[in-house]
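Those sequence lines, one after another, are chains A and B. Mapping to the numbering used here: the first sequence position 211 is 349, numbers consecutive. Mapping to the numbering used here: the second sequence position 84 is 237, numbers consecutive.
Treat the hints with care, as some may be off.
As the list claims (entries may be wrong) - Each computed DSBU-like pair below joins lysine-lysine, with the alpha-carbon atoms no more than 35 Å apart:
no., chain 1, residue 1, chain 2, residue 2
1, A, Lys618, A, Lys524
2, A, Lys464, B, Lys545
3, A, Lys464, A, Lys451
4, B, Lys174, A, Lys524
5, B, Lys306, A, Lys324
6, A, Lys593, B, Lys306
7, A, Lys317, B, Lys306
8, A, Lys324, A, Lys524
9, A, Lys317, A, Lys452
10, A, Lys350, A, Lys324
11, A, Lys550, A, Lys350
Unchecked claim - Just so you have them, the derived chain B footprint on chain A, three or more residues with Cβ under 8 Å:
no., segment
12, 390 to 404
13, 489 to 497
These aren't lab readings, by the way, just hints derived from the structure by calculation. Since the structure is predicted, the reported quantities are computational estimates derived from the model, not experimental observations. Glycine is no exception: its CB is placed at the ideal position from the N, C-alpha and C atoms.
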Amino acid sequence: MASAGRSSPAAAVETPSTTKRIEPVAGVPLIFELSSEGRRATDLSPRAAGERRGAEIIGAELCREDLPGFPELSEPQVIRHFMRLSQLNFAQALQFYPLGSCTMKYNPVVNDELAALPGLAGLHPATPAHLAQGALELLARMEAALAEITGMDAVTLHPAAGAQGELTGLLMVRAYHRKRGEVRHKVIIPDTSHGTNPASCTLAGFEVIVAKSNRRGYLEAAEVRRLVSDDVAAMMVTNPNTLGIFEPEIQEIAAALHDRGAMLYMDGANMNALLGVAKPGHMGADVVQLNLHKTFSTPHGGGGPGAGPVAVKKHLEPFLPMPRLKHSGAGYAFDAERPDSIGRMRSFHNNFGMIVRAYAYILALGGDGLGMASRLAILGANYVRKRLQPHFPSATGEPSMHECVLSHDLEKRANVSTLEIAKRLLDFGIHPPTIYFPLVVPGALMIEPTETESKEILDSFVDAMERIYDEALNDAERVKNAPQTLPVSRVDEAGAARRPILRWEKKA
Amino acid sequence: MRFMPHTESDIAAMLETIGAKHLDDLIAHVPANLRARATINLERGCSEADVVREISALAARNTGASGFVSFLGAGYYRHYVPAAVRAVVARAEFATGYTPYQAEASQGTTQAIFEFQTLITQLTAMEVANASMYDGASAAAEAVLMARRLMPKRPVVALSRALWPEYRATIRTYLSALDGIEIVEVPFDDATGATDVSALDRIANDRLLCTVTGYPNALGVIEPIGSITEKTHRAGGLAISATAEGIALGLLRAPGELGVDIAVGEGQSFGLPLQFGGPGVGFMAARLTHLRQMPGRLVGQTRDRDGRRAFCLTLSTREQHIRRERATSNICTNHSLCALAATVYLSLMGRVGLRELAERNVELAHQAAAVLEVAGIRRRFSGPFFNEFALKLANPSAALEAAERRQILAGVALGADYSELSDALLVSVTEMNHGDEFSRLAAAIAEAR
Ligand SMILES: Cc1ncc(COP(=O)(O)O)c(C=O)c1O
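Only chain A is shown next, with the shape it has when bound in the complex (with noise of 0.2 Å):
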C-alpha cells in the first residue's frame, strides 16, 4: 500500500489493460472503526484527591453525558493511522504537480521551521505590542516588501486567502464610492475570470456584467468602453489572465475604467508571471490581491490554510480594514481609529504563520531571485507548450506568461475526454494539470510547471503526455480505465452526490 500512489511510470506504462489490476491491500479504516472503548492515546497528570469534578463544579445539567463516538486509541494507532492516509496522497514534495492557476512550486522547508520558532508560534495574539515588536516589525516589513514588488503604496495582510482578499478589496471599492456619494452597482468581469471573482462580487453587493474575451483569449479595451458606465463601480480583471496571456490592454483598459470613475481590480493570483516584469501598480490596478500560497511558495496544504494580502493605491488606503499597523515613537501597534475602514474580516490580525513563511522566502529569493523566478516559471509554460504543440495545440496564439492552456482532438478522434487523459496522467506519477478551466476552452488542459521544476522533469511529462495521445489512439480503453496504480481506481462522484454520506455513523 505505501508504495501505491507511486508506482514508477515504466511499470505503469506496461499494465495491460486487459488483466485485472492486482488487488491493493483494502483501505485503510476510518478512526472511528479503529476504536476500543477504554483504549486512550492522552494522560493528564492526576488529580490532587478530593477535588471536585469539573462538571460538579459547573453543574451536571449544563454538562452532556457523553461524545457518543468519538474515537478511543492508543498514540501508536493514531500516529499509524495518519500516517497510512499521508502515503495515500499525490503532493508537490513528492511529484509534478503542474495544476494551473495554483502555482504548485516548492514550498522551501525552512519556513515551517521558523514559523515553529517559539517567538513566533508561542506569540498570543493579545500579547501587549511592546512584548511582540519583533512580529509587528516582520509584518511591517512585509507589507514595504509586498508594496514594492506590486508597485503600490499600502498593504493589508489581514485577509485569509485569496477569495477573502477579493471580497476585502471590493468592499473598499464600495465605500470609496459611497463615501464619494456614488452608489454604482455592477463590476464587469471577463468571462475567462476564475470562480471566485463573480462569487465575490455578490457578496460585495454587487451586480456582474460579463466582458468577452476576443478570439485571441484577451480583453479589448474597445469591450471595457462599451460596458462601463457610472454605475460600474470597478472591473476585475486577472492578469496573465487564466488563458495564462498578459493583457496587452492592460493600461488601456485601466484608462478606460478610470475616466467613468470606475477603478480596476486585480486579481493577482497569477503573479508568479510577474515578479520583475511588470507591477500592477505600473498598470493601472487601484487594488490587487496575493496568494502567499501561490506566487510566495507557503504550501498548500491539501486546501489551506494560505494568506490574502491585499494592496492598494494612495486614495483607497483609508478603508483598508481592521486592524491596520501603525509606526510610531514608541515603536508598531495596531491602530484602532480608522473611521473608513469597511472593518474588520476575520478574527486577530492575519494568518501570522504563513506571512512568516513568505516573508522567509522573499528574503532567500531576493529582488532578483524573484525576478529569476518569474523568468524561469515563463520559459517552463513555453517549453511545454512548444513540445507538446504537435498534439495538445495551445487554446490561443498569444504568447504564453507562466502557464499555457492547451486543447486536444481526442474527444473527436478517439471519445477520450480531457477527464481520462487528467486520470491517466496519474498512472505516470504526475499530478493533472487544472481540467475545464477556463471555461472559455472546451477541454482545457491549463499547466503551470513553476520555476522550481528541472528540465528533466518537464520532459518526463511531455514524454507521458505523448504516450497518452497514443494510447488514446491505439488502446483507449487503457486511457478510460485509468488510473489502474493507485491506491483506488475511478471513484464514482456522481454517486456521491447522489447519495450524501457526508460523516461517519456508528451502526446500529
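Take the given structure of chain A and dock chain B with the ligand to it, following the hints.
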C-alpha cells in the same frame, strides 16, 4: 537560486526549443514601459543560514512569547499540543498537496476531511459539518449569510452583545453590502454576564432572521443557549451558536442537543499553535435539511469502480467554481491543514480524554477564581463559566502593568471593546497553568489596588 534547478545549458536548450535567444525575449510582448520600471528593489537573495538568522532575531524580540506566566485568552487559548499532531501535519504528503480535486490521488486528504467532518458533528451533535472555514469569526459571518439564504425575507440579525467583538465586527463587514438587513444587539445582563433572554422578546417576531450567541461568550459565561434557541424558534428564526474555545464542547451540552440550527466556532484549541492569531480553523455544522445552503467544501463517501470505499469532494454545485455569482460563498482555499491538525488532536484526546481535559480546565479556572476571591478580588459576573472569567477591578490597566512587572500576562482588559466594562479584566486559565501561579496573580493584582 537554490530552489530553481535550471543549469545554464538547460536554459539554453529550452530557449532553443522555443526559438528564443534570451530569457527576456519571452516577455518582450509585455509593454516596454511596464518592463522598464519592474525591477524589484529589495535586498539581494541570501543563504538559508542568513534567512534563519534574520527571522530568529525578529522572533527573539517577541519577549511576550515566553518567560511569562500567561492568562491570555479572549478567543485564542493556550493548550498543550501533543507532538503527534505536529508529526502528522509536517508530512509533506499532507502539507504540499492542493485542494483534493483529483480524488484518486488524494484519498489521504479526503478521508481525513471526512473524519474531521464526523468529529465536528459529534462534538456539536449536529448532522452535517463542512471541511473547514478560515476561522471562527468568518464562519459566524458565513452562518448568518447561510441563514439569510434559507429565509431571505427576514431582515433582523440579532447579535448577542456578549458575542466576541471580533465575530460581531466580522459579521457586520460581511453583511455591510447586502440590502435589507438590520443588525440589532441583544444586551447582556450586567449581573450574570449572560445574554438577556427577556430582551429577545422585543424582537422575537416574524422579522427575526437569526440570533448569534457565544457559547461560552466573550465574558467567559456559559450562555443559556437552550432558552435563547427556544425564543428564536418561537419567532421562526434560526439559532446560531459560536464557540471560540472548542475544548468546552468536550463537556458542555452540545449545541445540537440545545436546538441550535447552525453551530460554528474556532478550532485553534484543537492542536494549533497560538501563532500570533493565525492560521486557526473555522468549523461549521448544521442540520441536514439546510445542507444545500451550506458554504464551503464537503467530502462524501462513495465507491471506486471496483466497489471499494473511497472519498471525494461532493455537492460542489453549491460552490463558486461551478455556480459562480450564485454560489453559496466565495470561499475556495479553506484551512485544510489546520483541520487535519484538529482531526489528529481530537483523535488523540478521544472520548474520555477530551472530557477530562475540559473538566480540568473548569477545575483550574475555578481554583484560580477562588484564590483571587480569598485575596479580595471578585468576579465581575455571577454566571457560570468554563475556563475564562472576568474580574472586577477599579483599574484593569494598572493591574496589567503590575502583573507584567512580575512576569505575568494577567489577561485582557474588556474596556477596549466594551465601554461599560472599563472595570473588567478577562482571565483565561487552561491546563497550561499551575496552581502556584494563581497566588502570584492574586498578589500582583492586589499590589495594583
Ligand atoms: C485566478 C484565481 N483567483 C482567485 C483564486 C482564489 O484564491 P483562494 O483559493 O486563495 O481563495 C484562485 C485560486 O484558487 C485563482 O486561481
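Results of checking the hints against the structure:
| no. | hint | result |
| --- | --- | --- |
| 1 | Lys618(A) with Lys524(A) | 27 Å, holds |
| 2 | Lys464(A) with Lys545(B) | 31 Å, holds |
| 3 | Lys464(A) with Lys451(A) | 17 Å, holds |
| 4 | Lys174(B) with Lys524(A) | 15 Å, holds |
| 5 | Lys306(B) with Lys324(A) | 23 Å, holds |
| 6 | Lys593(A) with Lys306(B) | 58 Å, violated |
| 7 | Lys317(A) with Lys306(B) | 29 Å, holds |
| 8 | Lys324(A) with Lys524(A) | 40 Å, violated |
| 9 | Lys317(A) with Lys452(A) | 15 Å, holds |
| 10 | Lys350(A) with Lys324(A) | 16 Å, holds |
| 11 | Lys550(A) with Lys350(A) | 26 Å, holds |
| 12 | 390 to 404 | violated (count 0) |
| 13 | 489 to 497 | holds (count 6) |
Of the numbered hints listed earlier, those contradicted by the structure are 6, 8 and 12.
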